[in-house]
Amino acid sequence: MLIKEYRAAALLRRVADPGTGEGRLLAEMRIHRIASDIMLELGYSSKLLAEWDFFRMLRDAGRSAAAQFLQQHGADLGVRSTLDIDRYLEGI
1353 MLIKEYRAAA LLRRVADPGT GEGRLLAEMR IHRIASDIML ELGYSSKLLA
1403 EWDFFRMLRD AGRSAAAQFL QQHGADLGVR STLDIDRYLE GI
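To convert, count from 1 in the sequence shown and add 1352; that's this note's numbering.
Hints are computed from structural coordinates only; laboratory data are not their basis. You can take every hint at face value.
Here are the simulated distance ranges between beta carbons:
1) D1438 to R1411: 30 to 36 Å
2) F1406 to G1426: 26 to 32 Å
3) F1406 to T1372: 43 to 49 Å
4) L1364 to S1398: 31 to 37 Å
5) E1374 to D1428: 19 to 25 Å
6) L1422 to S1397: 30 to 36 Å
7) A1413 to T1372: 39 to 45 Å
8) T1372 to L1435: 21 to 27 Å
9) M1391 to Q1424: 15 to 21 Å
10) E1357 to L1392: 15 to 21 Å
11) R1408 to I1386: 14 to 20 Å
12) S1398 to G1430: 33 to 39 Å
13) T1434 to E1403: 32 to 38 Å
14) Y1440 to G1373: 25 to 31 Å
Every residue gets a Cβ at the ideal spot worked out from N, C-alpha and C, and that includes glycine.
Make the full structure from the sequences, and use the hints.
Here it is in structure tokens:
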């Protein structure tokens, strides 16, 4: 997970001045998260795996997660966030 980056984005959205050009862009930043349960199933030792079959399995899981995300949220892209970042960060 990119916890530091999520926290930074949430902070920028909160402190941005929505009335100015750059501040408005930050305040209206759209946040999305594509996730796969496969990462929850893998242990820390998987970080040491450098085998082609393992990378292929991760690639395929990522493609599947992206396809599912696009099917569910494709119409939201460029329009609204699909992740309530503040609610997401509360659980961490």
